[in-house]
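**Q** Keeping their order, the protein sequence lines are chains L and Z. Number 73 in numbering that gives the first Met the number 0 belongs to position 74 of the first sequence; there are no gaps in the numbering. Number 350 in numbering that gives the first Met the number 0 belongs to position 351 of the second sequence; there are no gaps in the numbering.
To be clear, the hints were calculated from the coordinates, so they are not data collected in a lab. Every value quoted in this text rests on a predicted model; they were computed, and no experiment measured them. Ideal Cβ placement from N, Cα and C applies to all residues, glycine included. Just to be clear, a hint being listed does not mean it is correct.
Pulled a few chain L residues facing chain Z out of the computed Cβ check, cut under 7 angstroms [as the list claims (entries may be wrong)]:
hint	residue
1	A23
2	T25
3	V45
4	L50
5	K58
6	A59
7	I61
8	E62
9	T63
10	A64
Distance condition first, Cα-Cα at most 16 angstroms in a straight line; then the derived EDC-like pairs of lysine to aspartate or glutamate [unchecked claim]:
hint	chain 1	residue 1	chain 2	residue 2
11	Z	K366	Z	D415
12	Z	K422	Z	E387
13	Z	K53	Z	E64
14	Z	K104	Z	D292
15	L	K14	L	D141
16	L	K39	L	D141
17	L	K14	Z	D136
18	L	K43	Z	D136
19	L	K14	L	E146
20	L	K14	Z	E191
21	Z	K366	Z	E379
22	L	K43	Z	E191
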Amino acid sequence: MTKAQATPGYDRSAKTLVTGVIGADTHIVGNRILSMALEKEGFKIVTLGALTPADEFVKAAIETAADGIMVSSLYGQGELDCRGFRDLCVEAGLEDILIYVGGNLVVGRQDWADVERRFLDMGFDRAFPPGTRTDDVVRALDADFAERERRSAKAS
Amino acid sequence: MTGGGEPAALLIDFGSTYTKLRAVGLETGTILGAGQGPSTVATDVNRGLDAALKDLEAHLGGLPEFRHRLASSSAAGGLRMVTVGLVRELTAEAARRAALGAGAKLVGTFAYRLTRADLAEIEALAPDILLLAGGTDGGNAEVVLHNARVLAGAAVDGPVIYTGNRAAADEAADVLRSGGESVVVTENVMPEFNVLNIEPARAAIRGVFIDRIVHAKGIDRAAGRFDAVMMPTPAAVLEGARLLAQGTATQPGLGELLVVDIGGATTDVHSIAEGVILHGLPEPFAKRTVEGDLGMRHNARAIIDLAGATAVAADAGLDEARVGALLDAIAADVERLPETPDEHAFDRALARAAVRHAVARHAGTVKVVQTVTGPATLQEGKDLGRVETVIGTGGALAHGQDPAGVLAAALADPADTGSLRPKRPRLLIDREYLLYAVGLLAEPAPDAALKLGLAHLSDVTPQTTGEAAHERAIHVG
Numbered sequence: 000m001t002k003a004q005a006t007p008g009y010d011r012s013a014k015t016l017v018t019g020v021i022g023a024d025t026h027i028v029g030n031r032i033l034s035m036a037l038e039k040e041g042f043k044i045v046t047l048g049a050l051t052p053a054d055e056f057v058k059a060a061i062e063t064a065a066d067g068i069m070v071s072s073l074y075g076q077g078e079l080d081c082r083g084f085r086d087l088c089v090e091a092g093l094e095d096i097l098i099y100v101g102g103n104l105v106v107g108r109q110d111w112a113d114v115e116r117r118f119l120d121m122g123f124d125r126a127f128p129p130g131t132r133t134d135d136v137v138r139a140l141d142a143d144f145a146e147r148e149r150r151s152a153k154a155s
Numbered sequence: 000m001t002g003g004g005e006p007a008a009l010l011i012d013f014g015s016t017y018t019k020l021r022a023v024g025l026e027t028g029t030i031l032g033a034g035q036g037p038s039t040v041a042t043d044v045n046r047g048l049d050a051a052l053k054d055l056e057a058h059l060g061g062l063p064e065f066r067h068r069l070a071s072s073s074a075a076g077g078l079r080m081v082t083v084g085l086v087r088e089l090t091a092e093a094a095r096r097a098a099l100g101a102g103a104k105l106v107g108t109f110a111y112r113l114t115r116a117d118l119a120e121i122e123a124l125a126p127d128i129l130l131l132a133g134g135t136d137g138g139n140a141e142v143v144l145h146n147a148r149v150l151a152g153a154a155v156d157g158p159v160i161y162t163g164n165r166a167a168a169d170e171a172a173d174v175l176r177s178g179g180e181s182v183v184v185t186e187n188v189m190p191e192f193n194v195l196n197i198e199p200a201r202a203a204i205r206g207v208f209i210d211r212i213v214h215a216k217g218i219d220r221a222a223g224r225f226d227a228v229m230m231p232t233p234a235a236v237l238e239g240a241r242l243l244a245q246g247t248a249t250q251p252g253l254g255e256l257l258v259v260d261i262g263g264a265t266t267d268v269h270s271i272a273e274g275v276i277l278h279g280l281p282e283p284f285a286k287r288t289v290e291g292d293l294g295m296r297h298n299a300r301a302i303i304d305l306a307g308a309t310a311v312a313a314d315a316g317l318d319e320a321r322v323g324a325l326l327d328a329i330a331a332d333v334e335r336l337p338e339t340p341d342e343h344a345f346d347r348a349l350a351r352a353a354v355r356h357a358v359a360r361h362a363g364t365v366k367v368v369q370t371v372t373g374p375a376t377l378q379e380g381k382d383l384g385r386v387e388t389v390i391g392t393g394g395a396l397a398h399g400q401d402p403a404g405v406l407a408a409a410l411a412d413p414a415d416t417g418s419l420r421p422k423r424p425r426l427l428i429d430r431e432y433l434l435y436a437v438g439l440l441a442e443p444a445p446d447a448a449l450k451l452g453l454a455h456l457s458d459v460t461p462q463t464t465g466e467a468a469h470e471r472a473i474h475v476g
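If we strip away everything but chain Z, and leave its shape as in the complex, we get (with noise of 0.2 angstroms):
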């Protein structure tokens, strides 16, 4: 079937292992049909990208025309990037904040002035991007310019982003120029003092990803078989969740919405909502945090030792003993799925716990101050408690058997009210993995990117009634 002339939309995944496609119908907002094919970044992308059309036209009995051609890529490690900022708590985490956003994999973070040994880090990193910030406008320029200055005789072959204090743009970039880096200058991540302006470095690293990164990786190679449209696979997931919470001109969205994904080596959380800041930085709209050191597989160990061993073999209903062999299996075998029930249990404990701490450290808290006229709360952090949505995503939320339970751990705890968590959502599920599908086809068709994630969201919410099913057939409707 060609999906009987419906215009249709091609999505392509640059993945670290596959090239996966998948046809979706542009009027119906449904996948029309999928493809995969090896991850042939490292030689020429064509050839796993043929295999994987091939692939996708026998699955549909012939290609369809398609209107859109749109890519991400998430190969290679992603966009590795190092941030550096003057005060750690402030531009240093303006610049994290904006790189994280962009879709980016954050490989170090540096605060006040660079120094040799902070060089020689960066350089044995490699990133692809440096994002360079420090001070307000008109406010420390002898810093950036400091830092400016070590960074122009750095052998890195990524560019750096300019996105501190505009008094020293000027002369910020032209000493990196003499060091022969390439310069990109932009708006200050905080102009003014905890005053959050990540858009103009995001749409910047962006620009960067397009021009350099998918060149540097080959993806070039097969670039006029796709759209110019090209973002890196987790920028794509936070525009998706954007679209699914905002809606488009004629279709309502889900409201403000979390979403959750636990992967083998790191935990992302994307919320799309406004909560509200009483203290300390203000946070971004479409905020995205990664715990590296939550992942399933990769920092199983790094999950119990946060947790407990204890408390994940009480959640997991085993004994410590058990607990502690699974684990071992886990690190002698990464690729290890659940088979058995214990495993099963395991892994839903792991999950649980992973998805607990990623979600508690990407809310807001609010705690209880002494003072002498009595006690004060102080609010830090975006509160999430009238999130209305929760989305999880990654395998062990769309194969494993209590979907429910897992994304059930992101939820306001009574024994914990300091953090400020969803009280009440809804709990939905990504099993196909189409967020970034979603983020992709958000610019060139909206309404029909919004239909597609609603139609393959499961609800999974322990209830009685069939509220929110009626609720979604609304929105499809």
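Same shape as in the complex, but just chain L (with noise of 0.2 angstroms):
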């Protein structure tokens, strides 16, 4: 296992992240080992937990100005519970917030890359294959908010 970066280049307390299980999943295992990970790296989290509806992920994210939503599914369906979830983030004016989503998100065997590419074009930012390692979710987040802090100290 390879140790996430520990210094990131920006301040992880800083950012508020919103975990849970989407859709009528309650596969709480996983999401729960990532929430627990990702809250000793220090980001500030937020958990949901089991059968959370879409609009619940983006309700908790306004009230806590969250940076990121990290959505997981389990069951097979992510696919028809994960449709329409950025125009959600829009319409709540979370245009920005990072969102990704991770798990067994489809039935069946399918290419991941495949998969993977149906998910950004609904608007995820990233999307992550079974088996994946908490550590790496780290540094995803690490490389995504370091460099929108790198374009946002641009455009000041």
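Reconstruct the complex from the two isolated chains, following the hints.
**A** If you want it as structure tokens, here you go:
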């Protein structure tokens, strides 16, 4: 296991992430492990748990001024549940919020590159296949947040 | 009689129709006497109070020495409040619960960014207090600041209680003050996501009530005649329910309980229960809801619309045409009291429908969600299944012919297992509307207050054994 970078170049404790399992999905274990790992790495975590409708992610993100939403889906219906997720965020004024999705996103054996493309097309910033290590997620967050800081520094 | 020298408390309720007094013996927890005068809130409250005291004196043959003089007020439409939050189901809902828990009459609730139209509506509502929430601590600050800027220009007399994102508190308070509003800053109603913290807001509301509303309604002209403790009547009822449930240091209470108060315009439900919430916003331990569309007189038609004329007619044992005629009679005269057997049956059915719907809205729900791995249960809100006591009050229960039948409508229905209502509680009736008095007395004299409450609740649980009466006797002794 490779350790995530200790000094990510931005303040992790200033970043709030909303986590939860979307739709009629009760598989909470992976999402809980991810939430605990992210919290340990210094992020502020808002956990919604299992059986969370898409709009509840968005509402929680508004109220807590979250910087990112981490959507888990394990039961194969993620593609249906996640459709329009970015639109919901845009509608609620969260145009620039970082959204990740991960888990067993689709049923059957499908080519991951194809699945990933479909979720990126839906407006997710990143999609993660089954078996992703939490460190990989932390590294992705570090890269994306650092990039955003650079962009906003340049803009101002 | 003057109570044989027993120290006494005077309880005053400044209502919109009457000024009501009760003298309570502090050792025995019994009512020594009652008195009533007109409501003179519009002119000088002292006149109504004098008249009521004279009435009490006539009943008692002299006035005892009062150790406590405590007052509540439901006058002039109560404490009118408007709440503003961010997301409707989150901070806006938390603000709503804080206002109701403080005994306020909620006249408007707003969420997200206030618009000019919202502002005009708020000004027209003329609230006594505005409660401004929004954002968890360190969360969204932008919307609550926007709303503070909008409210800063509001032509509203009442103060603003800020109970939003702590990080935005100073700026919001400055903005509001620069607009000429008076501001009270208190802790966030939702400091973290889905964590409810309504007690500080409740305390702030009560503080404002004492400072401003009591003054605005002219009640302070009699202020020298009672102790500083003064609360909105519904807050006193909630405090009374809390004491009855939890007991005192020396006497046990009744355990988790539910209070249903059926009035002419609204039906109030109070629960003192932990409940279990698996999804959604946590529930306050002492929770009050007000159903503004369920009232025995002003909203009788709304009850029929909700429950269905056919169902109400069937429950009353009347035909639908007769129900329609009785409803028209009520609409034409909201002061009307039932006289004929038909009218009694109709009122009973109306009250049952109001109780059923009010308690169902207050209680939590459980539903089965189909997932690919099979059915899963999803519970939201307060599970009142194990509540041990349901107390009923209000005209339809206190004076109706079948209080047990009406109150039984609050219970769990085997045909509707999704509604988490009490399963097998005992049913008690507060015939004399004493809960508010118990609440007023709860702080200065908790033991007397508890005795007073327990002694005046009549058990109407339909059962063959005298079990409940026996238990009650133990509590009282």
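**Q** Broken hints, numbered, in rising order?
**A** Of the numbered hints, all hold.
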